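**Q** If you want the building blocks of each chain, they are given just below.
Protein chains: 2
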Amino acid sequence: MFEQDLINKKNNIILDDSKILNVSSDFFRFEVIHKSKKSNARVGRIYTPHGLIDTPGFVGVGTNGTLKALDNKTLDELGLQLMFANTYHLMLQPGSKLIAQAGGIHAFANRSMPIITDSGGFQVFSLVYGGVAQELKSKGQKKLDNSVIKINEEGVLFRSYRDGAKVLLTPETSIQAQKEIGADIIVSFDELLPYHSDKKYLMRSLDRTHRWETRSLIEHKQNIKNQALYAVLHGGVDKNLRKKSVDYLLKLNFDGFAIGGSVGKDRYEMFDMLKFLMPNLPEDKPNHLLGIGDLESIAGIVPLGVDTFDSSHPTRCARHGLVFTKNGTMRVIKKGNAQNFEPIEFGCQCSTCKNYSMSYVYHLFKAKEIAGLTLATIHNVHFMIELMKDYRRKILDNLI
Amino acid sequence: MFEQDLINKKNNIILDDSKILNVSSDFFRFEVIHKSKKSNARVGRIYTPHGLIDTPGFVGVGTNGTLKALDNKTLDELGLQLMFANTYHLMLQPGSKLIAQAGGIHAFANRSMPIITDSGGFQVFSLVYGGVAQELKSKGQKKLDNSVIKINEEGVLFRSYRDGAKVLLTPETSIQAQKEIGADIIVSFDELLPYHSDKKYLMRSLDRTHRWETRSLIEHKQNIKNQALYAVLHGGVDKNLRKKSVDYLLKLNFDGFAIGGSVGKDRYEMFDMLKFLMPNLPEDKPNHLLGIGDLESIAGIVPLGVDTFDSSHPTRCARHGLVFTKNGTMRVIKKGNAQNFEPIEFGCQCSTCKNYSMSYVYHLFKAKEIAGLTLATIHNVHFMIELMKDYRRKILDNLI
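As you go down the protein sequences, you meet chains A and B in turn.
In this text, residue positions in the first sequence follow my numbering: the first is 1, and each later residue adds one.
In this text, residue positions in the second sequence follow my numbering: the first is 1, and each later residue adds one.
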């Protein structure tokens, strides 16, 4: 099919299907409980078929359906309300069809609480350009991988890194896979561009992403299956394009709005963009900032009104022996910790701190025991949960 | 000091110290509950300051004070009654003095149930000749490591693999280190010879090991600290030497008897040696077979009257994706397991089987998730605990 034909056809579907697009999703609900008098921060609740998510809330990354070094029963006990799983990885292993056979991701992975999946689109970017940091370093010039065979109007054709098989990811196949996986919140298919993109390509990509997201919505609304669908706002670091993305996507009946793509080369550019962007988002729908979760960024984005955000930062830090405390991030392997018979953080109620000393965790890292990775991960995830409780309390008290 | 002088001096101590040697250890008690009418198998109970150990019982190996891929709180919940920790490793990291400072290994590692430590002597062997399997392969010819600087009457001088520091391990320093570590059961210092040893060296080593063990006992009895001390019976694969070792060590007031050294190049040689050896052991003291724990060996040693035995086999198997079932050991990554939505073993009450499917565990191994190692380890340790319960039931019913 020629690309322009496809665009026309899809646009026609959108115009014709206004009825489908207005099917409501009453199993999914968002309420704002309090708006801060001091900032744009807000405390809210997202109700999903697998329970509620307090916002602002940290979303842990469980790429393959589990947080690294932690099983889901332990994670449920910790009380992490939302886990982010990666459709791309789950499509390749174990395959979305197998997860459907198992009764969906909650049954498969034994998670009782809410799950969000991405569209797989992020991997289009990271396969071609490497991770965000690598891309910024190479100024978008370096292509790391030739596994992406083709990107066109239809979608992305790539080779599985597992078995070399060709996989076609389109808005429709992404949504279908996410239906099979069965998360509570799914995300529409997008192209993620590098920070260093020329404006012409950025504009062309943005328009195509909007068409992809519309196709995602159409695919979703035909078979909602108690899932909520978030749009992904794009436009890179160009405010006009960001505004264009908002204007386009807010007209469609998405259940929430994720902020995707590069929002800046550093934290300050990101804050600046979010200051501009957030007031344009609807108050009655939840928003999600993709891929952000370091402590300094959180301190900046919560007052701007971000509801949820996901990051592998806390779990990756844990595995690298970096534990979070109220006094900042601390190296496990640090002078003095060998003899520190207090918990990682005094007063911390996580099972690691209630059961083990800093000295013992230090020993486990020194002795390269796997148990050390798990204990540090439990602590950091608990820290994030408590941190967000604290943020919510402060917003309720108009202190933030 | 010249070696012969040292021998004489130590022998004099033994002769003079009959009083010390007869200090009783009433915090440590062993009772035989039932002797099978069908074999030499017996059901017993070892009472220790940290609770009881039902025998015959499997002892899990926690080299650095934790089973691999499992924390001690989880292990306590699993109910493994005895954990084996390695003095040599703990001496080098975190150091026995630090463990003493922490209040002993139970407090340090947060384990409520009994612990046994070895003397560190095993490492003398494995540093020089490699592991048992490697040694058998090389017929004792290959020396893998030059970290052992000197073995003489006094003890063993070696270099720490951690920081290159010289460490002198003697009966006295081994016992002192084990006192600092503070396990419920400690083991006297011995030399472990390879399977391929010439008889002359074997005899010389055996005599020296007996002197080392006597020195261990003297060191122990001066400061018992609620610990029980086991002797280690040696003599390699020579029945006369084994008998000599029994005759020598049984005269001394040890709390139990471990069987150490090579008891044969394969399972059949081992069974043959144990058939000869076991009837020579006292009925009223517990025995322990060092370093054995595969399922076929257990089936052979339990009817011979072995009380406890330690092995890293179940946990190592788990990490390599081998799970135990009543129908034998099974590969996690096996055709059919991807779609097997039943637990690893139907009816198994371990938390892995109660919470996750074989399919999910398969997925975790495929995706190289650390959580998979932990879940498989939980299953295998639970399997061993249940297996030994079953053996005890069968002995009580005279079926074994």
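Certain hints may be false.
Copies of the same chain look alike in the list, so a pair counts if it works inside one copy or between any two.
Distance condition first, Cα-Cα at most 25 Å in a straight line; then the derived SDA-like pairs of lysine to any residue [as the list claims (entries may be wrong)]:
| # | residue 1 | residue 2 |
| --- | --- | --- |
| 1 | K335 | L52 |
| 2 | K285 | K389 |
| 3 | K251 | G95 |
| 4 | K366 | Y161 |
| 5 | K251 | E77 |
| 6 | K200 | A338 |
| 7 | K265 | M278 |
| 8 | K68 | A367 |
| 9 | K366 | N253 |
| 10 | K368 | R267 |
What the hints contain is simulated information worked out from the structure, not anything from laboratory work.
All values derive from a computational prediction rather than experimental measurement.
**Q** None of the hints should be skipped; say for each whether it holds.
**A** We went through each hint and held it up to the structure:
1. K335 to L52: Answer is neither; intra-copy 42 Å and inter-copy 38 Å both fail.
2. K285 to K389: Within one copy, since 21 Å is at most 25 Å while 56 Å is not.
3. K251 to G95: Answer is neither: 33 Å inside a copy and 65 Å across each miss the 25 Å cutoff.
4. K366 to Y161: Result: close only across copies, 13 Å inter versus 33 Å intra.
5. K251 to E77: neither (39 Å within a copy, 54 Å between copies)
6. K200 to A338: neither (56 Å within a copy, 46 Å between copies)
7. K265 to M278: within (18 Å within a copy, 72 Å between copies)
8. K68 to A367: Answer is both; intra-copy 19 Å and inter-copy 11 Å each pass.
9. K366 to N253: neither (53 Å within a copy, 38 Å between copies)
10. K368 to R267: neither (34 Å within a copy, 32 Å between copies)
Of the hints listed earlier, those the structure fails to meet are numbers 1, 3, 5, 6, 9, 10, in rising order.
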